[in-house]
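Start from the sequences, fold in the hints, and give me the full structure.
2 protein chains.
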Amino acid sequence: MNNYSIDVEVSEVGPRDGLQSISPILPTEAKKCWISALAAAGVPEVEVGSFVPAKVLPQLADTAELVEHARGIEGLRVAVLAPNFRGAQDAIRAGAHKITIPLSVSETHSLKNVRRTHAQMLEEVSRIAGLIRETPENQRPDFEGGLSTAFGCTLEGPVAPERVVQLAEALMQAGCDEVGLSDTTGYGTPDQVRDLTRAVWRAVGRDRLTGIHLHNTRGQGLANVVAALDVGLRTIDASMGGIGGCPFAPGASGNIVTEDLVFLLEGMGYRTGINMERLLEARQVLRDSLPEEIELYGFTPEAGLPKGFRYA
Amino acid sequence: MNNYSIDVEVSEVGPRDGLQSISPILPTEAKKCWISALAAAGVPEVEVGSFVPAKVLPQLADTAELVEHARGIEGLRVAVLAPNFRGAQDAIRAGAHKITIPLSVSETHSLKNVRRTHAQMLEEVSRIAGLIRETPENQRPDFEGGLSTAFGCTLEGPVAPERVVQLAEALMQAGCDEVGLSDTTGYGTPDQVRDLTRAVWRAVGRDRLTGIHLHNTRGQGLANVVAALDVGLRTIDASMGGIGGCPFAPGASGNIVTEDLVFLLEGMGYRTGINMERLLEARQVLRDSLPEEIELYGFTPEAGLPKGFRYA
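First to last, the sequence lines map onto chains G and L. Under my numbering, the residues of the first sequence are numbered 28 to 339, in order. Under my numbering, the residues of the second sequence are numbered 28 to 339, in order.
Any given hint could turn out to be false.
Calculated pairs, BS3-like style, for lysine-lysine (alpha carbon to alpha carbon, straight line, at most 30 Å) [as the list claims (entries may be wrong)]:
| id | chain 1 | residue 1 | chain 2 | residue 2 |
| --- | --- | --- | --- | --- |
| 1 | L | Lys139 | G | Lys334 |
| 2 | L | Lys82 | L | Lys59 |
| 3 | G | Lys125 | G | Lys139 |
| 4 | G | Lys59 | G | Lys82 |
| 5 | L | Lys82 | L | Lys139 |
| 6 | G | Lys139 | L | Lys334 |
If you are wondering where the hints come from, they were derived from the structure by calculation, not from laboratory data.
Here it is in structure tokens:
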């Protein structure tokens, strides 16, 4: 599957955002099998891990090895998270294609989460951008600033769109190639998705914000995707089986479910390059490697594709 | 709550579409309590039952009594299903404000479901329309033709939009006041919702199609609602706790979940007239009256409203 035939890019964040909230550590080989199965299904981008200290998130301690494995898969774009300069160094050394540094729009959340103010985080972004500039061109990763809690914060409540716009500008000035919007708390509504995207576009340019990371905490995930597509965003994060985030009750998952997202996109006429049957095989690979008590979500895997279903 | 302050009408179909797939029969008093609690939360319309023979659906045998009860609640619009002339007679006698007769666009499904061809169903619609004309004006219900399997059929597969349009025209000619679109199988996509609504509008007029009945079988329910709102539909069916339809696995429900729908609508700036806290009280009334093994779905009830949430 060649990239030119893709209308919307699905970025699978399960190996990072999904696994980071699961305590039993998956063997590295199991993660590799899953990543390979995702790629074999046509998933164009996988966020394979995060370069955080192993003692903070032991589940993600093998991120460098996963980057190396994923880089060996032709056509796959290998994304990672790096919360700081040290992590970015490791990410560049490992050879990631894309590095995302999360910046929480809620400073309260930022202080609680990474113990850094906005100013300190922006300083870190500048240092990473400098490092990337010094990296030989053929090894230089894309560098994204991920605006988390952009749609509201469980600590601060509503987040002013002006604050999101200011921080998007600051991230670009500090040296990011692009910014991303992240509904960390599942507060977002379709109107917010449209309005906030347009506001950030006006500040940093349309080509500097192309993707969105949505959660399904209040069941609004795919509704927000429809708004994201309407406004013109073309990279959507999702997690296989909806793993990750803050699971509550039956059906409550953190991330939006990759399988349901692909059905939505193909059904709407957007080519994803992803084959549903092989995606369900990748789901089985994940299922087989996860402890039984970890539930996989998703409606389409259970209901199956509609009779007579056609890809976009 | 006065109707003039409502932008989008939520029609609660749980007492009909939800309960009809639950075998343990709920006491009539429990149903009355639930309907009253729904109305107390501000739900403007409730489909309280279906006038089918008691031996076919014993759960709905008390529909006449529920209509009488619901008619006693000021401001509540009382809707019922009637699959045939006999049912419509009973519905008029009971005093329903609105009668919906379902017509399956898939004739295969129609024959299997009600053992009637399209021609036979349209003949039934004509007879009911005649009966309504003979009914004293102040007791005359609204009469809707519900186009089920409009987005695809589990037996026939894809359903041609032209067929939906033809049947919408035929229903209007046979004497319906309006038509409704129903995604019985959960096959629908946001594009289909927009395109099909516009196609039917061109044929019968915009004021003759204002509502939609969506299922969440493949997790696309609220995504389809966003499309329905975008195109301009203003009555959305939903079921408390997502009961009804064809439940599969964790999170899979038939109908879209009223609680999540109200959060979506209010979050998007559409006034529903519904109070979320009281809606959750109504959910508790339902929970208390349902057998334990019946699961209630919905994300918002578990996650709670966002900090600083404001109604539209």
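Structure-based check of all given hints:
no.	hint	verdict
1	L:Lys139 / G:Lys334	holds, 17 Å
2	L:Lys82 / L:Lys59	holds, 22 Å
3	G:Lys125 / G:Lys139	holds, 26 Å
4	G:Lys59 / G:Lys82	holds, 22 Å
5	L:Lys82 / L:Lys139	holds, 18 Å
6	G:Lys139 / L:Lys334	holds, 17 Å
Taken one by one, the earlier hints all hold for this structure without exception.
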